[in-house]
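First to last, the protein sequences are chains A and B.
The letter at position 34 of the first sequence is residue 295 when you use our numbering, and the numbering goes up by one with no holes.
The letter at position 125 of the second sequence is residue 386 when you use our numbering, and the numbering goes up by one with no holes.
Treat the hints loosely; a few may be bogus.
[Stated by the list, open to error] Below, in silico cross-link-like pairs of lysine to any residue (SDA-like), each with a Cα-Cα straight-line distance of 25 Å or less:
hint, chain 1, residue 1, chain 2, residue 2
1, A, LYS368, A, ASP388
2, B, LYS335, B, VAL266
3, A, LYS439, B, VAL382
4, B, LYS269, B, GLY305
5, B, LYS439, A, GLU380
6, A, LYS438, B, TYR387
7, B, LYS368, A, PRO433
8, B, LYS344, A, GLU435
9, B, LYS344, B, TYR387
10, A, LYS342, A, LEU389
11, A, LYS423, B, LYS360
12, B, LYS381, A, GLY310
In case anyone wonders, no lab produced these hints; they're calculated from the structure.
Number of protein chains: 2
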Amino acid sequence: MTAIVIMKVAVLRLGHRISRDHRISTHCGLVARAFGADGIIYSGDHDQGLLESVKHVSEGWGGRFEVSYEKSWKKVVNEYKRKGFAIVHLTVYGIPVRKAIGKIKRKCKNKILVVVGGEKVPWEMYDLADFNISVTSQPHSEIAALAIFLDRLQGGRELNKKFAGARKIVVPQERGKKVIGK
Amino acid sequence: MTAIVIMKVAVLRLGHRISRDHRISTHCGLVARAFGADGIIYSGDHDQGLLESVKHVSEGWGGRFEVSYEKSWKKVVNEYKRKGFAIVHLTVYGIPVRKAIGKIKRKCKNKILVVVGGEKVPWEMYDLADFNISVTSQPHSEIAALAIFLDRLQGGRELNKKFAGARKIVVPQERGKKVIGK
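Excised from the complex, chain A in its bound form:
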């Protein structure tokens, strides 16, 4: 048994199902990284391919980003709670992000676990969360909800984030593709 990885801004992906959720869960990991979180913890099915594909991107494109797996989502949530982190659960049923973000930032800017659900989120999650937060009250995508939440948490600064030690760097172009490194 390995210890749960503790990060300042961590994402927990609930209920991953091997094969069916592979791409959605991969996108969650890549968005967590690109939008400035410090890492992602997957729960649900153990999916070595998923962990490796997110790690692989991180190794090539730089920055520090932790990718790990923990069978019990509840253990992760309780461990983060115990360490004084705020638990923010993104759900269509929650309080609109624009109403809650000020309070969240004041309370826990740098100690936060962002939880994104899969198909069926256990009822207990709603009670364990300090904040149940919605990004629109419409059904859409946990990937988009995660991106917008991390964006609001950082006031858009994540779009300027630099990734130290990158082997591959995009040089923005009006047309075509330019990447330094391989």
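Chain B: place on chain A using the hints.
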């Protein structure tokens, strides 16, 4: 042959592959709708299940949202160009959204085709686009890129959007779930 649907803020999803892209393409459609676009056009494989699942959400949750399919992405792009729309292609290789959004909004706020790619975007797309725009220069997700782009285009107002004629409406809660209607 049906005519291409013209909308003020439209999304074109390139290169859909049946089964492999089903969930990612569904999320693109739901995000387009939830974040205030007027509709989505899918190109690539024809996938009736995909079209129906996005339409089904739209019917239940209200608002007007067009969902259609067109085999040739190029035909869609050219038709929108001909009608004076700006073509904004979201790509990791493009100019950062924060640098370009002012210009895009001044030029074409309400006549815009947002193009989101699949696995392999044809080179021609980069040339046909009026703007190749990146949401971070990191690899992540077309779903997140679409959400952030639509968010910036509307200055966050999309988070308050109301969906007329909804049969189902979420009533935001601090804990648990409350939905009016069925």
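Verification of the hints:
Distance restraint check for A/LYS368 and A/ASP388: the Cα-Cα separation of roughly 18 Å lies within the 25 Å cut-off, and the hinted pair is therefore satisfied. Restraint check: the Cα-Cα separation between B/LYS335 and B/VAL266 comes to about 14 Å, which is no more than 25 Å; the hinted pair holds. Between A/LYS439 and B/VAL382, the direct Cα distance comes to roughly 15 Å. Compliance with the 25 Å bound is thereby established for this hinted pair. Simply put, B/LYS269 and B/GLY305 have alpha-carbon atoms about 22 Å apart, close enough for the 25 Å limit, and the pair holds.
As the CA atoms of B/LYS439 and A/GLU380 are separated by approximately 17 Å, the hinted pair is consistent with the 25 Å bound. Only pairs whose Cα atoms come within 25 Å are accepted, and A/LYS438 paired with B/TYR387 is accepted, the gap being roughly 9 Å. With a CA separation close to 21 Å, the supplied pair B/LYS368 and A/PRO433 stays within the 25 Å bound. Annotation: proposed proximity of B/LYS344 to A/GLU435 holds, straight-line Cα distance about 23 Å (limit 25 Å).
In summary, the hint linking B/LYS344 to B/TYR387 is supported, as the alpha carbons are separated by about 19 Å, within the 25 Å threshold. With a C-alpha separation of about 9 Å, the suggested pairing of A/LYS342 with A/LEU389 holds against the 25 Å cut-off. The straight-line distance between the Cα atoms of A/LYS423 and B/LYS360 is roughly 16 Å, inside the 25 Å bound, and the hint therefore holds. Pair hint B/LYS381 plus A/GLY310 holds up; C-alpha atoms about 22 Å apart against a cutoff of 25 Å.
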